[in-house]
Each structure stands twice: as structure tokens, then as C-alpha cells.
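This is what each chain is made of:
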Amino acid sequence: MLPTDTGSPDYFHKVVDCQYACPAHTPVPHYIRLIAQGRYADAYMVNWVSNVFPGVLGRVCDRPCEPACRRGRIEEQPVAICRLKRVAADYKTDISGRLPQGPFPKNGKRVALVGAGPASLTVARDLAPLGYDITIIDEGRSGGGMMRTQIPKFRLPDEVLDEECGYIEGLGITTRYGERVSSLKSLLAEPYDAVFIGTGAPRGRDLDIPGRQEAAANIHLGIDWLSSVSFGHINAIGKRVIVLGGGNTAMDCCRSARRLGGEDVKVVVRSGFKEMKASPWEKEDAMHEDIPILNFLVPKSFTHENGKLTGVVFEKVRAEYDEKGRRSLVHAGEPDVHIPADDVLIAVGQENAFPWIERDIGIEFDKWGMPVVDKDTLRTTRDNVFIGGDAAFGPKNIIWAVANGHQAAISIDLFCQGQDLKTNRPGPLVSLTSQKMGLHEWSYDNEISNSLRFAVPHAEKSASLTNIKAEVELGFSPTLACNEAARCLNCDVQTVFSDALCIECDGCTDICPVDCITFTQNGEEPDLRTRLNAPAHNLSQSLFVSGGLKTGLVMVKDEDVCLHCGMCAERCPTGAWDMQQFLYQSAKVGV
Amino acid sequence: MTFLPKPKLHHPELAENALGYTRRDYEGAISTLCAGCGHDSISAAIVRACFELDLPPHRIAKLSGIGCSSKTPTYFLGNSHGFNSVHGRMPSVLTGANLANRDLVYLGVSGDGDSASIGLGQFAHAMRRGVNMTYIVMNNGVYGLTKGQFSATSDKGAKSKSGAINRDEAIDLVGLALQLGASFVGRSFSGDKAQLVPLIKAALSHKGPAFIDCISPCVTFNNHQGSTKSFDYVRAHNEAVNFLDVIPAREEITVAFEPGSVEIVRQHDGSLLKLRKLDDTDYNPRDRLAAMSFLAKHREAGEIVTGLLYINPEETELHDQLGTTETPLNSLTEAELCPGSAVLAKLNATLR
Numbered sequence: 001m002l003p004t005d006t007g008s009p010d011y012f013h014k015v016v017d018c019q020y021a022c023p024a025h026t027p028v029p030h031y032i033r034l035i036a037q038g039r040y041a042d043a044y045m046v047n048w049v050s051n052v053f054p055g056v057l058g059r060v061c062d063r064p065c066e067p068a069c070r071r072g073r074i075e076e077q078p079v080a081i082c083r084l085k086r087v088a089a090d091y092k093t094d095i096s097g098r099l100p101q102g103p104f105p106k107n108g109k110r111v112a113l114v115g116a117g118p119a120s121l122t123v124a125r126d127l128a129p130l131g132y133d134i135t136i137i138d139e140g141r142s143g144g145g146m147m148r149t150q151i152p153k154f155r156l157p158d159e160v161l162d163e164e165c166g167y168i169e170g171l172g173i174t175t176r177y178g179e180r181v182s183s184l185k186s187l188l189a190e191p192y193d194a195v196f197i198g199t200g201a202p203r204g205r206d207l208d209i210p211g212r213q214e215a216a217a218n219i220h221l222g223i224d225w226l227s228s229v230s231f232g233h234i235n236a237i238g239k240r241v242i243v244l245g246g247g248n249t250a251m252d253c254c255r256s257a258r259r260l261g262g263e264d265v266k267v268v269v270r271s272g273f274k275e276m277k278a279s280p281w282e283k284e285d286a287m288h289e290d291i292p293i294l295n296f297l298v299p300k301s302f303t304h305e306n307g308k309l310t311g312v313v314f315e316k317v318r319a320e321y322d323e324k325g326r327r328s329l330v331h332a333g334e335p336d337v338h339i340p341a342d343d344v345l346i347a348v349g350q351e352n353a354f355p356w357i358e359r360d361i362g363i364e365f366d367k368w369g370m371p372v373v374d375k376d377t378l379r380t381t382r383d384n385v386f387i388g389g390d391a392a393f394g395p396k397n398i399i400w401a402v403a404n405g406h407q408a409a410i411s412i413d414l415f416c417q418g419q420d421l422k423t424n425r426p427g428p429l430v431s432l433t434s435q436k437m438g439l440h441e442w443s444y445d446n447e448i449s450n451s452l453r454f455a456v457p458h459a460e461k462s463a464s465l466t467n468i469k470a471e472v473e474l475g476f477s478p479t480l481a482c483n484e485a486a487r488c489l490n491c492d493v494q495t496v497f498s499d500a501l502c503i504e505c506d507g508c509t510d511i512c513p514v515d516c517i518t519f520t521q522n523g524e525e526p527d528l529r530t531r532l533n534a535p536a537h538n539l540s541q542s543l544f545v546s547g548g549l550k551t552g553l554v555m556v557k558d559e560d561v562c563l564h565c566g567m568c569a570e571r572c573p574t575g576a577w578d579m580q581q582f583l584y585q586s587a588k589v590g591v
Numbered sequence: 592m593t594f595l596p597k598p599k600l601h602h603p604e605l606a607e608n609a610l611g612y613t614r615r616d617y618e619g620a621i622s623t624l625c626a627g628c629g630h631d632s633i634s635a636a637i638v639r640a641c642f643e644l645d646l647p648p649h650r651i652a653k654l655s656g657i658g659c660s661s662k663t664p665t666y667f668l669g670n671s672h673g674f675n676s677v678h679g680r681m682p683s684v685l686t687g688a689n690l691a692n693r694d695l696v697y698l699g700v701s702g703d704g705d706s707a708s709i710g711l712g713q714f715a716h717a718m719r720r721g722v723n724m725t726y727i728v729m730n731n732g733v734y735g736l737t738k739g740q741f742s743a744t745s746d747k748g749a750k751s752k753s754g755a756i757n758r759d760e761a762i763d764l765v766g767l768a769l770q771l772g773a774s775f776v777g778r779s780f781s782g783d784k785a786q787l788v789p790l791i792k793a794a795l796s797h798k799g800p801a802f803i804d805c806i807s808p809c810v811t812f813n814n815h816q817g818s819t820k821s822f823d824y825v826r827a828h829n830e831a832v833n834f835l836d837v838i839p840a841r842e843e844i845t846v847a848f849e850p851g852s853v854e855i856v857r858q859h860d861g862s863l864l865k866l867r868k869l870d871d872t873d874y875n876p877r878d879r880l881a882a883m884s885f886l887a888k889h890r891e892a893g894e895i896v897t898g899l900l901y902i903n904p905e906e907t908e909l910h911d912q913l914g915t916t917e918t919p920l921n922s923l924t925e926a927e928l929c930p931g932s933a934v935l936a937k938l939n940a941t942l943r
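In order, the protein sequences belong to chains A and B.
Reminder that position 134 of the first sequence reads as 134 in my numbering, one-by-one numbering, no gaps.
Position in the second sequence (first residue = 1) + 591 = my numbering.
Hints were generated in silico from the structure; no laboratory data involved.
Hints should not be assumed to be uniformly reliable.
As a list, the in silico BS3-like pairs of lysine-lysine whose alpha-carbon atoms are at most 27 Å apart [claimed, not checked]:
id: 1; chain 1: A; residue 1: 308; chain 2: A; residue 2: 274
id: 2; chain 1: A; residue 1: 436; chain 2: B; residue 2: 865
id: 3; chain 1: A; residue 1: 588; chain 2: A; residue 2: 550
id: 4; chain 1: B; residue 1: 599; chain 2: A; residue 2: 436
id: 5; chain 1: A; residue 1: 14; chain 2: B; residue 2: 752
id: 6; chain 1: A; residue 1: 14; chain 2: B; residue 2: 597
id: 7; chain 1: B; residue 1: 599; chain 2: A; residue 2: 550
A few chain A residues facing chain B, derived, Cβ under 8 Å [stated by the list, open to error]:
id: 8; residue: 49
id: 9; residue: 77
id: 10; residue: 573
All C-beta atoms in this analysis are idealised placements derived from N, C-alpha and C, irrespective of residue type, glycine included.
Start from the sequences, fold in the hints, and give me the full structure.
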């Protein structure tokens with residue numbers, strides 16, 4: 001293999017698994033260390049710069065970082081990254097003085113943002129400090145989009161959302177809340193230099209099976225029902241409730257139903273338990289609230305008497321896999337089941353809908369009715385219209401919308417300044433700093449904690465189930481947070497190797513607690529992987545290969561399970577190994 | 592300055608041996624030697640050898656004298672018996688322990704100061720008595736604890752870190768061990784675990800005095816230009832005579848070897864040593880006199896001969912010579928230890 005090019009920002013970026021997996025590339029280990037030091041406001045600001053909604057995401061993020069966490073490959077559970085983020089938001093001091101301080105000198109450009117969800121608010125935050133005149137238009141009475149209408153308050157209290165939307169609205173932007181955009185054509189007729197569409201995936205998918213029309217009074221579309229609950233239009237539901245669907249919306253529906261009078265609430269899913277789209281922790285929380293999840297049942301018809309719903313008939317299926325591993329659900333050969341119910345909530349998916357975008361204004365749509373969009377620039381086929389978040393790519397999650405928002409803001413800025421959107425995109429900000437302070441002393445805490453993942457304290461179930469606004473999770477205490485933070489392996493503190501200094505004493509190989517360093521003959525990667533001191537099966541993790549050493553061997557380090565404990569560097573007599581903090585900040589404008 | 596313990600977390604696929612232990616179970620406390628010390632590599636090799644031989648840690652006794660080398664038993668085999676004795680006196684303490692309890696595996700760890708200076712007499716007598724043990728000298732040719740004076744194994748003409756030239760003749764411990772009757776003699780280098788680990792394994796499974804001289808560069812005081820114990824010098828002058836593979840007694844040999852290329856030595860415990868010749872000199876590790884002359888010749892040429900240099904698997908050991916009881920003394924009861932006046936009278940009668 002060729003020597004690894006650690007000079008390129010991409011190599012060490014990939015080693016920081018959590019940050020690499022995060023769509024917004026938030027520097028996770030960096031802020032976790034700040035939390036461990038009790039520097040909550042500093043940790044909050046690291047997050048705010050990168051992901052805009054630390055308090056919200058610390059409660060409801062889909063956490064792509066956690067399955068990626070290296071700790072999860074070494075022991076049972078990853079670091080509770082998401083809940084540590086919440087700690088920064090919960091315990092920070094007033095940070096308003098650290099936000100960009102307006103009024104910002106205007107640059108004369110006007111940008112309209114349609115929808116006030118996470119994507120649009122991110123665009124607003126990035127562009128406002130640059131002097132753009134920003135107008136956000138949303139049909140809701142306040143900002144937040146689906147974060148406000150679809151996420152139940154017992155998971156995300158209004159105060160948290162108000163605070164973080166407020167930071168952005170306080171940057172001197174114009175909000176036209178309570179106004180629905182019914183024609184993009186007429187919006188484009190207004191004097192805006194660019195328009196960003198961040199309208200989400202607002203339409204709940206329906207289930208057109210027999211009985212749907214007849215029993216309509218007691219059959220509700222999940223996301224519409226959730227927003228009615230959120231606004232207080234609905235405050236009761238029948239005693240027996242069936243929730244159809246296996247995603248996170250279904251989990252929010254069933255748990256909301258439990259709080260509005262549902263005593264016998266069931267989630268019924270077509271697929272098996274493991275294949276459900278809902279995050280494992282959301283399924284756990286639902287089951288903890290006495291909600292059974294029934295799998296491999298496909299809804300066949302709604303039953304009704306005198307125009308009133310009486311239940312749902314399901315066909316029992318089982319999963320069959322073809323030789324390519326594709327799953328199909330086939331009839332299980334068992335009789336259908338009837339589950340009685342007073343109300344049914346349908347949460348089987350969301351769709352995009354653009355009835356307000358005229359098809360003759362230069363915006364192309366594909367055969368699925370989705371706008372054609374450039375994945376890098378987020379520009380539609382019309383040069384001054386940009387789109388991001390769920391509106392562009394279908395239902396995903398908040399952190400993806402934020403990541404899209406940053407990219408769209410870069411594109412809009414480049415476009416308004418008359419620059420090329422592809423070739424002039426800014427690169428990430430990267431730094432690599434030695435952490436060495438003495439023979440056995442580093443400016444990060446390199447002691448490896450043996451603790452298993454700490455659980456977040458929950459409110460009493462009896463109290464939670466009687467108040468739909470009472471937050472269920474109480475968050476880590478500062479002590480718990482510090483202990484959980486200590487579980488972080490500091491993967492951003494990189495093992496940097498200088499082959500010219502190495503005398504091949506084997507000190508690093510001997511001390512490495514996870515046997516990730518080998519000195520051996522060079523070879524091609526598949527061959528090298530078989531000759532290392534420890535199995536190196538995880539192909540998604542790189543091998544770090546040095547240049548040729550004096551004896552003709554090379555140093556090969558499998559990054560897979562490195563603890564970043566710095567033992568190799570402590571044992572190195574010549575400083576060939578050094579621990580250096582790699583800080584990667586993805587490109588952004590404005591902040 | 593802190594010395595953090597080595598993290599307990601380990602590779603998820605860390606191998607277990609026949610006893611269900613991982614290699615990590617054979618480790619000791621974190622080393623406080625200088626970073627890069629060759630001794631730490633030898634410690635790691637001992638850990639690996641004991642792990643691979645499936646030795647129960649509580650059946651091993653590690654004994655040492657004084658010096659950097661003799662500190663190392665703290666850094667390996669944390670679950671074994673240990674005795675850090677007086678300077679140069681490890682061999683007699685080991686001999687006593689061995690006589691009292693022959694059931695343990697004895698590992699003597701010493702250095703060039705401990706064995707070639709203050710303890711030279713002890714070293715010599717333990718070898719000639721044939722104590723059943725593995726005796727490893729971590730040989731760096733320098734007094735590291737007292738800041739880098741020449742030791743008795745420093746080669747004549749070698750240069751110290753401060754620039755002084757050594758005028759004294761070096762003591763060759765391998766030559767002494769051969770002359771004094773050690774039935775297993777090897778030499779290796781801390782920077783070559785592929786050679787060192789099998790050598791330690793073979794020594795640990797050998798019956799009788801097994802001696803290993805292990806060159807171990809002192810990174811702080813003896814790893815400079817002009818040193819004959821530096822990483823660079825040893826690598827440049829290493830003359831390995833054979834490559835050793837240890838096949839435990841329980842594994843049957845199923846591969847047929849080409850005659851001539853490989854020599855098989857069956858040890859007393861049933862394990863097999865597979866020796867692959869590396870040089871073209873047709874070195875025979877069973878011929879003591881030839882080994883002595885071969886070593887002397889190469890030493891003269893400034894070369895460091897490494898590998899398994901001499902082995903005699905049929906040699907007897909101290910217990911055989913003394914006719915001692917098979918049972919460790921701590922397991923003998925009063926009836927056996929004080930058999931009564933009738934037995935005494937009988938014994939006395941044989942001496943009249």
C-alpha cells in the first residue's frame with residue numbers, strides 16, 4: 001500500500017467516526033471534552049455553530065453518530081452522544097452575547113425562505129450575519145416547522161424550541177408567519193434574489209383499504225393528528241387504539257394516545273420488529289409505556305358498525321428472502337386476525353406535495369413528483385431557486401435538514417455574489433495540534449473509563465402518562481454527564497506517526513491495549529489485513545500505513561478499535577508517535 | 592507526570608488459550624522503564640510465550656535480582672509468584688525455591704550487571720548444578736540505573752554515550768553457559784520477537800538449565816553510534832543460525848519435512864522443536880564443542896550469533912542428581928518428614 005496521506009483532511013476526518021457519520025459533521029469529541037470540564041456554554045456554542053439546534057437535537061436527533069461510535073465496537077454500547085448534547089443545552093449560562101450581534105450591514109440582496117423548519121432556519125442563520133435581507137414565510141403561527149407540529153411536547157418542550165428558533169429570529173430577519181405560499185410563481189414575482197424551499201414532507205400517506213371511508217370519523221392520519229394534538233385541537237382519544245406503522249411517527253402517535261385516554265394502545269406493523277424504521281430507543285420507550293408492538297400483520301380492512309369503527313382485520317404474513325437477500329412478505333397460511341379498536345392512527349409514511357409550485361416556471365420534477373435537485377449545491381433546475389431537507393429528499397430527520405441548510409446557504413451566497421456554485425465552494429477548516437505536555441502528560445484526559453453506558457433518568461411513568469406536556473426524559477445530572485463524557489475515546493486526538501523518527505523498538509506494539517499496531521512487510525491491503533497482530537475484518541475502517549522504515553518494514557495501524565489512549569506515544573522513545581487533536585469544521589458561511 | 596495503567600479494554604476478537612485466558616491475563620503492572628526500553632519488549636515476549644504455552648499463571652515463579660532488568664517481573668505475569676531478591680543472588684534463591692517445590696515453572700530474570708558482575712559466581716554455579724529453570728539475561732551492556740557506565744558485557748572497543756572507549760574484555764555469558772553445562776543455550780534480540788518468543792517457549796518447556804542471552808538496547812544510554820548493543824548495530828550484525836518453531840506435546844505433527852532442511856528435537860515434556868536452518872554453515876545445535884568454536888569465531892568477526900545455539904534434551908537436572916522426592920516439600924506430611932527413630936536407626940546403620 002502507498003503511505004497514508006495524513007496531510008489530507010479526509011483521512012483523519014474518517015477516523016472520528018461520530019463526526020464523520022453526522023451529516024452536519026459536528027465535532028463531537030471536542031464538545032464532549034468541554035462538557036466533562038463543565039464548560040457547558042462553550043460546548044453549546046461548538047454545537048450551535050455546527051448544528052444550530054443543540055437543545056432540540058439533544059432530545060430528538062436520530063443520532064447517526066451513535067451507531068458509528070467506536071466505543072460500540074469495543075464494548076456493548078456507544079457513548080450517549082445525543083443526551084450529552086442536551087446536557088450542554090440544559091446547563092449552559094446565557095449565551096446570547098456569544099451569538100452574532102446585529103444589526104448587520106445589509107448587502108442589498110433579498111432571500112425568501114418558504115417554510116420555517118430546520119432547513120430554512122439554518123439558511124437564515126447562516127445568511128443573516130452576511131447582510132442578506134431574509135424573509136421566512138410559514139403557515140404556522142411560529143417557527144420550527146415539524147419540530148413544533150409533529151414532535152410531541154413530552155419529548156421536546158416548547159421552551160427549548162422557542163429559545164433556539166428565537167436565536168435565529170433575533171438575527172434581524174423578517175418572519176411572515178401565518179401566511180401560506182400558494183403560488184411560487186407569485187412569490188418569485190416579488191423582488192427576491194433567491195428563494196429557498198424548506199417545506200418538508202407534509203402529507204401523511206393514507207391507507208386505502210375497505211372500510212376507510214365508512215369509518216373515517218375514527219381513522220386519523222398520524223402527522224395531522226399529532227399536529228392537532230400539538231395545537232390542543234384534539235385532547236382525547238378512544239380507550240382502544242391501534243397505530244398502524246413502524247416508524248418514529250408511529251411511536252409518537254402511540255405514546256401521545258396513551259396520554260389522551262388510550263388505555264389499550266397497540267402498534268401493529270407489517271414488517272418484523274428488527275426491520276422497523278423506528279429508532280430502537282423510541283421502540284423501547286413505547287414498550288416501557290405498556291404499548292405492545294405486534295409484527296408481521298398487514299391491515300386488510302377496517303370493520304365498522306352503524307358508521308362507527310369497530311376494529312381492523314389483519315392478514316398474518318411471514319418474511320421470505322430471495323437469493324439476493326431481498327425480503328418479501330408472504331401469506332403465513334394462518335387465519336386473519338381481528339383486533340377491536342375505537343380509534344386508528346395511520347402512520348405508514350409521509351409524502352412530499354408541491355401543489356403550490358407551478359410546472360412552467362423552470363423547475364423540473366422527476367417521475368415521482370420530486371423536484372430535480374443537485375445534491376451538492378441544492379439548486380433546482382431554476383438558477384435562483386434552492387431546496388433542502390425533507391422537501392428535497394423525502395422524510396429524513398432534523399440533522400439532515402440542518403446539513404442541507406448549510407450547503408444551500410453556501411450556494412445562495414455564491415449565487416448572489418455571482419460566483420460558480422461548484423468550483424468556488426469553500427473547503428473545511430482543519431487544524432492538527434499536538435497534545436503533548438510532558439513525558440506522560442497530555443492536554444486531554446487519556447485515561448480510559450471502564451464504565452458502561454449510563455441511562456438517562458426518566459420521570460415517573462404515572463406522572464408522564466397523565467400530562468402530555470410533561471417531558472419524560474429528565475436529562476443527565478452534571479455528575480452523570482461527566483461520567484458518561486469520560487466514556488468518550490477522544491477519537492479526534494489522532495495517533496500521528498513520523499516514519500523518519502521511528503527506531504523500530506516495538507514499544508508501541510507491546511503496549512497497545514487493542515493490538516492495532518504491527519510492523520511488517522508492506523503488501524496490498526487484502527494481504528496486509530491478514531498479517532496484522534489482531535484481526536482486521538472491518539473494511540470500513542482504514543489502515544494507516546507508514547513509509548518504509550530502516551529495516552524495510554512498514555508500520556501498519558488498523559484504525560478500527562484504537563482507543564486513542566496515547567500509550568503508543570507514551571512508550572515511544574523518539575516521539576515518532578504523537579497525539580494530535582484534529583479539529584474539522586465543515587464549510588459554512590456566516591457563522 | 593503520571594503512569595496510567597494500561598486500559599482494560601481489549602480487542603473484541605482477542606484470542607483465548609486452552610485455559611480460557613487471553614494474552615492480557617498474563618500481563619503485569621504498567622512498566623516504569625524508559626520509553627522504548629528493550630526490556631519491555633522481552634517482557635511482552637515472555638507474556639506471549641506463557642500465553643501460547645497455556646501455562647497456568649499460578650504455576651509460574653518469576654525471580655530476579657537488582658537492576659532495570661530485574662524490575663521487569665513486575666511488568667509481566669501479574670498473577671504469578673514473584674521474588675525480587677538481592678543483587679546478583681537470584682540464582683541461589685531460585686535454586687532453593689526449586690528444591691523446595693519442583694512443580695512450579697521457574698523463570699529467572701537478570702541483567703548483565705546482575706549476572707556478569709556481582710552475580711557471576713551465582714550464575715556459574717546455578718548453571719553447573721543443572722537447576723531446572725529458564726534464565727533470561729536482558730543484556731544491554733550498560734549500567735542504566737547509574738547513568739550509563741560500561742557493564743561487564745560491553746564489548747572491548749565499544750564507545751559509551753559520553754564518548755569513552757571500553758578497554759576491558761567482555762564477558763560472554765553464552766560462552767560461559769556452554770562451558771558450565773547448561774543444556775539449553777540461546778541468544779536473541781529484543782527487537783526480533785519472531786525469533787525471541789519461540790526461543791522462550793522452548794526454554795520454558797526444556798528440562799534443565801535453559802539460558803537465554805537477550806540483547807536489549809538501552810534507548811537512554813546505549814543506543815548511539817559506536818555502541819555494539821544499539822538497535823542499528825545489532826540489526827546490522829545479527830547472524831541468526833536457525834528459525835525455531837515450538838510444537839506443543841498435544842499437537843501431532845502431520846506435515847512431512849524434507850530431510851536436511853529441518854531438524855526436529857523432541858524435548859523431555861514431549862514437545863517438539865522444529866529447527867529450520869538459516870545459514871549455509873550447517874550449524875548443529877547438538878554439538879557443544881562445535882557451537883563453542885563457531886561462536887568464538889563469529890565473535891572475533893564482530894558478529895552476533897543468534898538462535899537456538901545448543902540443546903541437549905537428554906541431560907539430567909539437579910533433582911535427578913540429588914535423588915530428591917517428587918513431591919513438593921509443602922505437600923509432605925509429618926509422617927513423611929519425620930518417619931521415626933526406626934528409620935533413622937536404619938539409615939545410620941548404612942553409614943557404619
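Worksheet entry | Pair hint residue 599 of chain B and residue 436 of chain A, alpha-carbon separation not exceeding 27 Å | 23 Å, holds
Discussion item. Just to be careful, I want the Cα atoms of residue 588 of chain A and residue 550 of chain A compared with a cutoff of 27 Å; is the pair within it?
Written reply: 44 Å, violated
Worksheet item: CA of residue 14 of chain A to CA of residue 597 of chain B, is that 27 Å or under?
Response: Status holds; Cα separation ~26 Å.
Worksheet entry | Hinted pair residue 599 of chain B and residue 550 of chain A, Cα distance within 27 Å | Violated - the C-alpha atoms of residue 550 of chain A and residue 599 of chain B are around 33 Å apart, more than 27 Å.
Worksheet item: Does residue 573 of chain A pass the interface hint, meaning its C-beta sits closer than 8 Å to a C-beta of chain B?
Response: 3 Å, holds
Worksheet item: CA of residue 436 of chain A to CA of residue 865 of chain B, is that 27 Å or under?
Response: 46 Å, violated
Worksheet item: Under the criterion that the straight-line Cα-Cα distance not exceed 27 Å, is the pair residue 14 of chain A, residue 752 of chain B satisfied?
Response: The hint is violated at about 44 Å.
Worksheet item: Would the stated hint for residue 49 of chain A survive a check requiring a Cβ distance to chain B of less than 8 Å?
Response: The hint is violated - residue 49 of chain A has no Cβ within 8 Å of chain B, the shortest such distance being about 32 Å.
Worksheet item: When the nearest CB of chain B is found for residue 77 of chain A, is that gap smaller than 8 Å?
Response: Since the shortest Cβ distance to chain B is 13 Å, the answer is violated.
Practice prompt. Would you mind confirming whether the straight-line C-alpha gap from residue 308 of chain A to residue 274 of chain A stays at or under 27 Å?
Written response: Distance of about 34 Å is beyond 27 Å: violated.
Going through the hint list in order, the structure does not satisfy hints 1, 2, 3, 5, 7, 8, 9.
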